[in-house]
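Letter by letter, the chains look like this.
There are 2 protein chains.
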Amino acid sequence: MTCAIVGLGLMGGSFGLATKKYFSKIVGIDHNKSHQEDAIKLGLVDEIVELKDLENVDVIVLAIPIRGIISVLKELSKLNLKDDVLIIDFGSTKESIIKECPKNIRRNLVASHPMAGTEYSGPAAAIEDLYKNKVMVVCNIEESGDIQVKRAFDIYNFLEMKIKIMDAKEHDRHAAFISHMPHIVSFSIANAVLNQEDKEHIVTLAAGGFRDMSRLAKSNPAMWRDIFKENKKNLLDSIEAFKDELKRAKDLIENEKWDELYEWMKKGNELHKIM
Amino acid sequence: MTCAIVGLGLMGGSFGLATKKYFSKIVGIDHNKSHQEDAIKLGLVDEIVELKDLENVDVIVLAIPIRGIISVLKELSKLNLKDDVLIIDFGSTKESIIKECPKNIRRNLVASHPMAGTEYSGPAAAIEDLYKNKVMVVCNIEESGDIQVKRAFDIYNFLEMKIKIMDAKEHDRHAAFISHMPHIVSFSIANAVLNQEDKEHIVTLAAGGFRDMSRLAKSNPAMWRDIFKENKKNLLDSIEAFKDELKRAKDLIENEKWDELYEWMKKGNELHKIM
Numbered sequence: 001m002t003c004a005i006v007g008l009g010l011m012g013g014s015f016g017l018a019t020k021k022y023f024s025k026i027v028g029i030d031h032n033k034s035h036q037e038d039a040i041k042l043g044l045v046d047e048i049v050e051l052k053d054l055e056n057v058d059v060i061v062l063a064i065p066i067r068g069i070i071s072v073l074k075e076l077s078k079l080n081l082k083d084d085v086l087i088i089d090f091g092s093t094k095e096s097i098i099k100e101c102p103k104n105i106r107r108n109l110v111a112s113h114p115m116a117g118t119e120y121s122g123p124a125a126a127i128e129d130l131y132k133n134k135v136m137v138v139c140n141i142e143e144s145g146d147i148q149v150k151r152a153f154d155i156y157n158f159l160e161m162k163i164k165i166m167d168a169k170e171h172d173r174h175a176a177f178i179s180h181m182p183h184i185v186s187f188s189i190a191n192a193v194l195n196q197e198d199k200e201h202i203v204t205l206a207a208g209g210f211r212d213m214s215r216l217a218k219s220n221p222a223m224w225r226d227i228f229k230e231n232k233k234n235l236l237d238s239i240e241a242f243k244d245e246l247k248r249a250k251d252l253i254e255n256e257k258w259d260e261l262y263e264w265m266k267k268g269n270e271l272h273k274i275m
Numbered sequence: 001m002t003c004a005i006v007g008l009g010l011m012g013g014s015f016g017l018a019t020k021k022y023f024s025k026i027v028g029i030d031h032n033k034s035h036q037e038d039a040i041k042l043g044l045v046d047e048i049v050e051l052k053d054l055e056n057v058d059v060i061v062l063a064i065p066i067r068g069i070i071s072v073l074k075e076l077s078k079l080n081l082k083d084d085v086l087i088i089d090f091g092s093t094k095e096s097i098i099k100e101c102p103k104n105i106r107r108n109l110v111a112s113h114p115m116a117g118t119e120y121s122g123p124a125a126a127i128e129d130l131y132k133n134k135v136m137v138v139c140n141i142e143e144s145g146d147i148q149v150k151r152a153f154d155i156y157n158f159l160e161m162k163i164k165i166m167d168a169k170e171h172d173r174h175a176a177f178i179s180h181m182p183h184i185v186s187f188s189i190a191n192a193v194l195n196q197e198d199k200e201h202i203v204t205l206a207a208g209g210f211r212d213m214s215r216l217a218k219s220n221p222a223m224w225r226d227i228f229k230e231n232k233k234n235l236l237d238s239i240e241a242f243k244d245e246l247k248r249a250k251d252l253i254e255n256e257k258w259d260e261l262y263e264w265m266k267k268g269n270e271l272h273k274i275m
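For the record, the sequence lines run as chains A and B. Number 275 marks the last residue of the first sequence (full-length UniProt numbering); no jumps. Number 275 marks the last residue of the second sequence (full-length UniProt numbering); no jumps.
The set of hints was computed from the structure by calculation and includes no laboratory data. Where hints are given, some of them may not hold.
No copy labels: a pair is met if it fits in one copy or bridges any two.
Dumping the calculated DSS-like pairs for lysine-lysine here, alpha-carbon to alpha-carbon at most 30 Å [what the hints assert, rightly or not]:
hint, residue 1, residue 2
1, K20, K243
2, K21, K132
3, K267, K247
4, K150, K82
5, K82, K257
6, K247, K229
7, K41, K273
8, K20, K134
9, K41, K20
Turn these sequences into a full structure, and let the hints steer you where they fit.
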């Protein structure tokens, strides 16, 4: 079976490394010339091709930003692809992709979101075990073909991933809470500290806790702008929910309600019993 | 040289493990019976003693909450301690400890704050390399005796720590920004997610980013309540600064100012160039 990966960054590149033994051949597509060169040099894919060369591949993986996925799906719908081709997208939000996927290839698409990543990007950030033991969310599978779903699940099993089936709308809401809002919070911490006069001073004192809380603020702004754009309503809801909790803590501190603050923190501890 | 560690939890226990080869004998004090037993079993200290037994030790380390440090300092001031005894406290805020330290032992005290820790507590959480390569902030050394400062620095060098001298007031303000406020934020994220109806669902989807952002919400509520209490004013200032950034992000998202949101994130990226 052959595979084409569109987008040779962290996600696409790691997929290439991890499925070397699964596919007989892996080709890659990337509009960035230096990504193309790096991907070949790093052995992420066997060969660089173009979209029009995909008419004979068995699996196409779209590991690019959401708007890019939608426009590539439109181009793919005009090609003479194999009837049973499996198209996988790794978009961070799922509703708009599914809604805008051209009808003639909707059954070929298995809309997926790997709950994996690092704060780094680009081909050099690719790592072979990025997907191992991680969750792969698969959305609205009733609209995908049986043969494509089976093929996608076989690949995810090969990657040793845990498959979770979910409604796209639900997915986008959950993703706002557990991924998108925490990114906004991390950027807010980073900027709050940078606004302080003596930033070097503060930064010298950073221990593990601060490093954790500001790590997501290393993330790629262009990629995250697009995700926030796509999931605006859910993101604002999740920021609101977070703000309510922050306000509660602030009020308790201001009014010196230390016992209630203790209980509020004790409740936060609970999260780690279920995680 | 002999040492007494008051408080045999994560900080005191790790100090005991790390200085085994530095001191000829290390005794321990803890009002918690099971901590006493664990500390002996885990080899954190050689022997359990009481405060009144400290009249011949050379170094006393106070690794307990801030209010406990202040009350132990008051008890120590009434004992017939060695003239040149070094007392080190590891309190997370420094101004109130220095202010309330009895005059007759002020020169013996070297007020210190190790920028080290984990989200775990108790003797079993102790690890030998907790302090290695970490920053030790030392406050208002002009009020400490030369011999005590020299002795403290020698110990910190043995631990391979980086020493930073700082004014206590300044320290408390910096600590609010880089440690105390991020804890409040982490607890707020944990609680915001727990308030969602389908917590198991959300939690199943947690990837590395969410784990980082909620890790501090595992911390000990009693310990943190006391720190927040002690540093109330600075903490509220730092929460305010964070809230301003969050509000800015929210406004940009609400008004779809995506380019400005991009610039705001780009600025957050800067933090990692100076860290």
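Hints and how they fare:
no.	hint	result
1	K20 / K243	neither (45 Å within a copy, 47 Å between copies)
2	K21 / K132	within (15 Å within a copy, 42 Å between copies)
3	K267 / K247	both (16 Å within a copy, 25 Å between copies)
4	K150 / K82	within (16 Å within a copy, 77 Å between copies)
5	K82 / K257	neither (66 Å within a copy, 42 Å between copies)
6	K247 / K229	both (26 Å within a copy, 17 Å between copies)
7	K41 / K273	between (44 Å within a copy, 28 Å between copies)
8	K20 / K134	within (19 Å within a copy, 41 Å between copies)
9	K41 / K20	within (15 Å within a copy, 50 Å between copies)
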